[in-house]
Amino acid sequence: MSAPRWLSDGLAAIMLAIAAYCAIRPAAARRWHRSTERDVDAAHVLMGVAMAAALVPGLDPLRTGVWAAAFAAASAWFAARALRDWRERRARPTRTARSRRSKPGRDAGTGHHLVHLLSCGSMLYMLVAASAAGASAAGMTSGLAGPVSRAGPAAIGAAISPVITLVLAVAMAGSVVLTTDRLAVLAPARAADSAGRSAAGRATAGPAAAGLAAAVEPAGATEPAQRRDRAVLCPRLAASCQIAMGITMVYLLVQML
Amino acid sequence: MSTASGDLDAQADAVDAQREANGRYRRLQLGLAALWLLDAMLQGQSFMFSRGFARMLAAAARDSPAAVADPANWCARLIGEHPVAANSAFIAVQLLLALGIAWRPTVKIALAASVPWSLAVWWLGEGLGGVLAADANPATGAPGAVLLYALLAVVLWPSDRHRDAPFPAARAVGVPTARAGWLALWGGLAWLAAWSVSQGPRTLSETISAQAAGQPRWLAAADSAAASLVARHGILVTTTLAALLVIIACGVFLPPAGARAALAAAVVVALVSWVVGQNFGGIFTGTGTDPNSGPLLVLLAAAYWPSPASAACDQTPDSGAASGPAPDPGVNAARLARTGPRRASHPAAAAAMTRGGAR
Numbered sequence: 001m002s003a004p005r006w007l008s009d010g011l012a013a014i015m016l017a018i019a020a021y022c023a024i025r026p027a028a029a030r031r032w033h034r035s036t037e038r039d040v041d042a043a044h045v046l047m048g049v050a051m052a053a054a055l056v057p058g059l060d061p062l063r064t065g066v067w068a069a070a071f072a073a074a075s076a077w078f079a080a081r082a083l084r085d086w087r088e089r090r091a092r093p094t095r096t097a098r099s100r101r102s103k104p105g106r107d108a109g110t111g112h113h114l115v116h117l118l119s120c121g122s123m124l125y126m127l128v129a130a131s132a133a134g135a136s137a138a139g140m141t142s143g144l145a146g147p148v149s150r151a152g153p154a155a156i157g158a159a160i161s162p163v164i165t166l167v168l169a170v171a172m173a174g175s176v177v178l179t180t181d182r183l184a185v186l187a188p189a190r191a192a193d194s195a196g197r198s199a200a201g202r203a204t205a206g207p208a209a210a211g212l213a214a215a216v217e218p219a220g221a222t223e224p225a226q227r228r229d230r231a232v233l234c235p236r237l238a239a240s241c242q243i244a245m246g247i248t249m250v251y252l253l254v255q256m257l
Numbered sequence: 001m002s003t004a005s006g007d008l009d010a011q012a013d014a015v016d017a018q019r020e021a022n023g024r025y026r027r028l029q030l031g032l033a034a035l036w037l038l039d040a041m042l043q044g045q046s047f048m049f050s051r052g053f054a055r056m057l058a059a060a061a062r063d064s065p066a067a068v069a070d071p072a073n074w075c076a077r078l079i080g081e082h083p084v085a086a087n088s089a090f091i092a093v094q095l096l097l098a099l100g101i102a103w104r105p106t107v108k109i110a111l112a113a114s115v116p117w118s119l120a121v122w123w124l125g126e127g128l129g130g131v132l133a134a135d136a137n138p139a140t141g142a143p144g145a146v147l148l149y150a151l152l153a154v155v156l157w158p159s160d161r162h163r164d165a166p167f168p169a170a171r172a173v174g175v176p177t178a179r180a181g182w183l184a185l186w187g188g189l190a191w192l193a194a195w196s197v198s199q200g201p202r203t204l205s206e207t208i209s210a211q212a213a214g215q216p217r218w219l220a221a222a223d224s225a226a227a228s229l230v231a232r233h234g235i236l237v238t239t240t241l242a243a244l245l246v247i248i249a250c251g252v253f254l255p256p257a258g259a260r261a262a263l264a265a266a267v268v269v270a271l272v273s274w275v276v277g278q279n280f281g282g283i284f285t286g287t288g289t290d291p292n293s294g295p296l297l298v299l300l301a302a303a304y305w306p307s308p309a310s311a312a313c314d315q316t317p318d319s320g321a322a323s324g325p326a327p328d329p330g331v332n333a334a335r336l337a338r339t340g341p342r343r344a345s346h347p348a349a350a351a352a353m354t355r356g357g358a359r
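Taken in order, these protein sequences are the chains called A and B.
With my numbering, the residue at position 45 of the first sequence is 45, and numbering never jumps.
With my numbering, the residue at position 105 of the second sequence is 105, and numbering never jumps.
Any given hint could turn out to be false.
To give a feel for the contact side, a few chain B residues facing chain A, derived at Cβ under 7 angstroms [claimed, not checked]:
hint: 1; residue: Ala33
hint: 2; residue: Leu38
hint: 3; residue: Ser46
hint: 4; residue: Ile283
hint: 5; residue: Phe284
In case anyone wonders, no lab produced these hints; they're calculated from the structure.
All C-beta atoms, glycine included, are put in the ideal place defined by N, C-alpha and C.
Given these sequences and hints, build the entire structure.
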């Protein structure tokens with residue numbers, strides 16, 4: 001007996017919904033003069049569709065090679081971003097006493113890009129491992145779930161290293177709980193709102209904490225506009241999407257053990 | 001794009017404040033949450049949705065006394081009749097525990113819920129870890145990983161009743177109670193190891209070699225090598241292990257340097273037994289429901305690790321949510337809510353205060 005169909009289908013539906021949401025984020029941000037991280041949104045669109053395809057084979061629109069190339073490029077991009085953040089962090093003069101106490105190279109920006117590097121790297125690993133397993137079995141079709149589901153435990157076990165899979169699963173689980181922990185910081189600072197309503201830029205607390213979304217509101221924004229913007233570009237929503245994707249990725253990695 | 005540099009600075013400040021608020025105590029809680037999350041995902045393996053899972057649960061309590069085995073068998077029968085529904089519920093519970101511990105507003109609820117859940121699973125799912133059976137051995141994970149989840153939930157309970165405690169595990173329950181818990185755990189492991197000596201010189205080697213069945217070839221080879229090594233000096237190895245476990249149990253009563261040495265030894269023992277005796281909890285076989293006790297013992301050792309620097313930092317009067325390591329997120333939020341908005345000049349602190357007020 002295998003895992004129930006509703007579990008795979010449900011997770012695939014969630015992944016596709018997240019991919020759709022991340023696809024509209026850049027357009028919404030441009031329209032409402034908000035900033036967002038387009039590279040992260042693009043990576044989430046890719047990951048959402050790829051994971052849905054991994055869960056439900058019929059949803060796979062691309063060949064494995066195309067997916068692998070896309071995630072290799074995304075991994076290289078986020079590795080470069082993380083490296084650049086780390087260098088900037090080291091070169092930047094410290095702003096406050098608190099900043100002086102923090103260790104170089106461990107700021108949230110670097111960690112943020114490392115998380116995306118980990119996610120894209122995990123996807124690449126799953127694709128390569130599944131492809132290798134599929135190559136050793138006859139009658140394989142393209143796609144993630146095809147090879148994984150049909151190759152059989154022996155072929156998969158021969159093709160991939162379970163230790164690497166375990167390490168990636170643990171790392172992804174760690175990133176999920178860290179992102180969940182940061183949800184608290186991403187809460188809108190209503191107290192600050194009430195203390196300084198005349199201030200044009202009503203702060204949304206710490207959206208850069210995970211770099212999930214820069215939700216800085218424009219000067220003169222009206223209340224309904226703020227509510228609309230918050231609903232669509234809410235940092236907590238972006239973080240929640242990242243959490244859901246992380247959980248699904250851990251699930252997929254565990255299936256490969 | 002209207003991102004002003006001042007806003008970015010405020011965001012960066014919020015990042016700094018948030019990172020500093022994530023103290024060592026919180027990191028330990030997050031480690032526990034990550035393990036719960038891994039458990040939930042392991043529960044999602046295909047085998048767990050089959051009747052084989054129920055048979056595995058029944059087998060765990062097979063050699064235990066009737067008082068333990070009968071309820072466990074009843075539970076296994078129930079799960080066997082509804083494997084998909086039961087396993088889906090198990091996944092949901094463990095996932096909620098993981099996310100609940102990781103999300104600050106629910107950390108207390110999740111930790112509190114994890115204790116009865118862990119104890120129920122320990123009894124009904126693991127037959128009390130086999131401690132009442134004849135073959136319980138610390139090298140293979142006795143007394144059961146799930147019991148350690150409950151212990152960790154207690155020692156990592158968010159509280160600043162003992163803020164000047166020399167190690168994180170004592171913050172909630174105090175130094176004597178925390179040390180007593182460590183002594184009981186590792187003393188119990190030593191007793192189980194000594195008990196296996198009384199059962200014969202080859203008990204440990206046979207136990208380890210029995211674990212190799214169904215494992216990947218490289219892991220089975222490691223088991224076989226370890227078993228043959230132990231078989232030649234069975235009594236000596238088991239006695240040495242028991243003595244080492246006694247030293248580790250008493251180690252937390254030593255001065256910091258000695259305690260650190262004992263805790264380092266605990267980590268080494270936990271990792272070695274995790275690999276060769278516990279086989280990573282059997283998770284490479286597709287039937288492992290958790291990574292077994294190795295990672296949990298390491299996390300527990302980290303919770304007992306003395307840290308004068310953190311203790312000194314924690315004693316500073318201004319160690320709230322926005323500055324310094326947070327001894328307890330829930331307590332900090334509550335304290336912020338009590339102190340009112342005037343003290344929350346920082347956006348992150350304001351956010352924490354808002355949440356505290358909302359609750």
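Okay, the hints, checked on the actual structure:
With a cut of 7 angstroms, the hint placing alanine 33 of chain B at the interface with chain A holds, because the nearest CB-to-CB distance is about 4 angstroms. Proximity of leucine 38 of chain B to chain A holds as hinted, the smallest CB-CB distance being about 5 angstroms (cut-off 7 angstroms). For serine 46 of chain B, the shortest C-beta to C-beta distance to chain A is roughly 4 angstroms, which falls under 7 angstroms, so the interface hint holds. The beta carbon of isoleucine 283 of chain B comes within 6 angstroms of a beta carbon in chain A, closer than 7 angstroms, and the hint placing it at the interface holds.
A distance limit of 7 angstroms between C-beta atoms decides the matter here; for phenylalanine 284 of chain B the minimum to chain A is near 5 angstroms, and the interface restraint holds.
Consistency note: the structure conflicts with none of the earlier hints.
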